[in-house]
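My numbering puts the first residue of the sequence shown at 1, with every later residue one more than the last.
Simulated from the structure, these hints should not be mistaken for lab results. On a predicted model such as this, the values are computed, not experimentally measured, just so you know. Glycine included, each C-beta is placed from N, C-alpha and C at the ideal position. Be careful, since some hints might not be right.
Result set (DSSO-like, lysine-lysine): computed pairs, CA atoms no more than 30 Å apart in a straight line [unchecked claim]:
#1 K401 with K146
#2 K146 with K343
#3 K305 with K409
#4 K434 with K423
#5 K305 with K274
#6 K336 with K401
#7 K230 with K305
#8 K401 with K274
#9 K305 with K146
#10 K305 with K149
#11 K409 with K158
#12 K158 with K341
#13 K343 with K305
#14 K305 with K336
#15 K158 with K146
Computed beta-carbon distance windows for the label pairs [stated by the list, open to error]:
#16 Q321 with S85: 39 to 45 Å
#17 P227 with Q257: 22 to 28 Å
#18 M454 with E395: 37 to 43 Å
#19 D394 with Q178: 50 to 56 Å
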Amino acid sequence: MRRLLLKLCTASIVLVGACWVSFPYSASKEELIANNGASSSGSSILSLPERIDQLQSTSSVVEERRASIERVPRIPGGDYPLLSSLIRAEPPPAVSLPTTTRLEHKKSDGEATSQQVSLRIVGDVQFLLDYAIVGFSKCGTTTLLKWIKRDPNVRTFKREIHEIINDNPGRLAERLYQNLLENPVQNNTSTSVAVGQTTTKNFLQGFKNPEILQVPQALRHLHNYWPETKLIVTVRNPLKWFRSFYNFRLTIGHLSQVGTDPNALIGSCNHGNKILCSHMGAFHVKLFRLGKSPMDSSEELDLLKPFLSTSDDQDIWDHFQSLSVNNKKENEKNRKLPHMKNKIFFLDLRQMSDGNRTRATRFRRDLQQFLGLEHELSPVFRARPFKQLELTLDEESKRHKIDSICNSKYAPLQEELFHVAQKASLWIRQYFLKSPDVMLSSPEYVEELLETWMHNPCDGYTQEQLGDGG
1 MRRLLLKLCT
11 ASIVLVGACW
21 VSFPYSASKE
31 ELIANNGASS
41 SGSSILSLPE
51 RIDQLQSTSS
61 VVEERRASIE
71 RVPRIPGGDY
81 PLLSSLIRAE
91 PPPAVSLPTT
101 TRLEHKKSDG
111 EATSQQVSLR
121 IVGDVQFLLD
131 YAIVGFSKCG
141 TTTLLKWIKR
151 DPNVRTFKRE
161 IHEIINDNPG
171 RLAERLYQNL
181 LENPVQNNTS
191 TSVAVGQTTT
201 KNFLQGFKNP
211 EILQVPQALR
221 HLHNYWPETK
231 LIVTVRNPLK
241 WFRSFYNFRL
251 TIGHLSQVGT
261 DPNALIGSCN
271 HGNKILCSHM
281 GAFHVKLFRL
291 GKSPMDSSEE
301 LDLLKPFLST
311 SDDQDIWDHF
321 QSLSVNNKKE
331 NEKNRKLPHM
341 KNKIFFLDLR
351 QMSDGNRTRA
361 TRFRRDLQQF
371 LGLEHELSPV
381 FRARPFKQLE
391 LTLDEESKRH
401 KIDSICNSKY
411 APLQEELFHV
421 AQKASLWIRQ
431 YFLKSPDVML
441 SSPEYVEELL
451 ETWMHNPCDG
461 YTQEQLGDGG
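Let the sequences and hints guide you as you build the complete structure.
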């Protein structure tokens, strides 16, 4: 049997993929380890019999996965396609792409076998994803999700969805399909048009992951598979954002990772492989990737350049380097970043706690209309998912919490974050908000809120004027 498998492998007709055979050549040890699946701990390179056993195991897992997909029933309540017509189980590619340098890799359900099985999207999956809350961390995304899902016809997930930032869109499609099977909606109340077909839907489904805008391949998956999905983006003043994010990291036990001196987190996260840094507050760099601005001028680049890293933002550098300043037609042809089709609802965090009743009512109705909900959204409430953890915070973490970003000991950090806030405010107002794909509720009020970023809150602005809580 082993001899027969060897012949099949040599003939390159093994169903599970190309066979690797260890012939001597001048490759480095690192290349051999990478190509042969040996661990970086120095374990020996797989022999041919071991490699054949590995291929057999992979083939078995793939076939089992295909069979499990075939058994998934059709979503009730409409003429929906079977899951087996949307995704296909295959052996994984030889090389998996990294997500990003510092984002914590968070496994989702079903990722245990991802090294043996890849789920490829082969059908139209647009109907599975109506909306996504894509940014930014500590800008009210949890409150948004819990608020929206109060509507009886909205389906979502209890936790953040990570498949799309882990470069696994097929698994995301599978989870979205299964979620609708497990949480059916009874009343047929809304209609949605999927790409290439008309489908009567009785639900809106979505998820949140505020890290999506930091991961270029996640945006490519949205662009390729879910171009009609509506995106919700919320921001806040970078000074308030940093204080909230730093204290959040302490709350969940990350003191050793963020350190005891917030001033040491000034600049790029590349320096020291940080999980938090002041440049993360440059929201406009991430928003740029959505392709809603002209993306072709040196003036626009000047607002982005101070916060671009040579690794995480290489795609943006490549984009501008490919442009010819005086030839717009050539620029469009050579552009490296696409103009994503997705519509965007953009808001400042303070809009969710607006004391003006007229604007607050308009805000709820505008978001309802944007999402296509039949029922009016209820008043916003503030969700604090980590409130209980704050009660168990250890004494050392409590000592290092930032009570006020305006404390004089944080002066260097204040200055840097104020610089970040100014550039972000200018780009968002001058470029991003002018796109017809970006919807605002009370545009003049949003402009007013973003204009406050141009004033250092530690130079005379009160905490009430800065607003938006902790």
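Okay, the hints, checked on the actual structure:
no.	hint	result
1	K401 with K146	holds (27 Å)
2	K146 with K343	holds (21 Å)
3	K305 with K409	holds (28 Å)
4	K434 with K423	holds (16 Å)
5	K305 with K274	holds (20 Å)
6	K336 with K401	violated (41 Å)
7	K230 with K305	holds (28 Å)
8	K401 with K274	holds (18 Å)
9	K305 with K146	violated (36 Å)
10	K305 with K149	violated (38 Å)
11	K409 with K158	violated (39 Å)
12	K158 with K341	holds (27 Å)
13	K343 with K305	holds (26 Å)
14	K305 with K336	holds (17 Å)
15	K158 with K146	holds (9 Å)
16	Q321 with S85: 39 to 45 Å	holds (41 Å)
17	P227 with Q257: 22 to 28 Å	violated (36 Å)
18	M454 with E395: 37 to 43 Å	holds (39 Å)
19	D394 with Q178: 50 to 56 Å	violated (39 Å)
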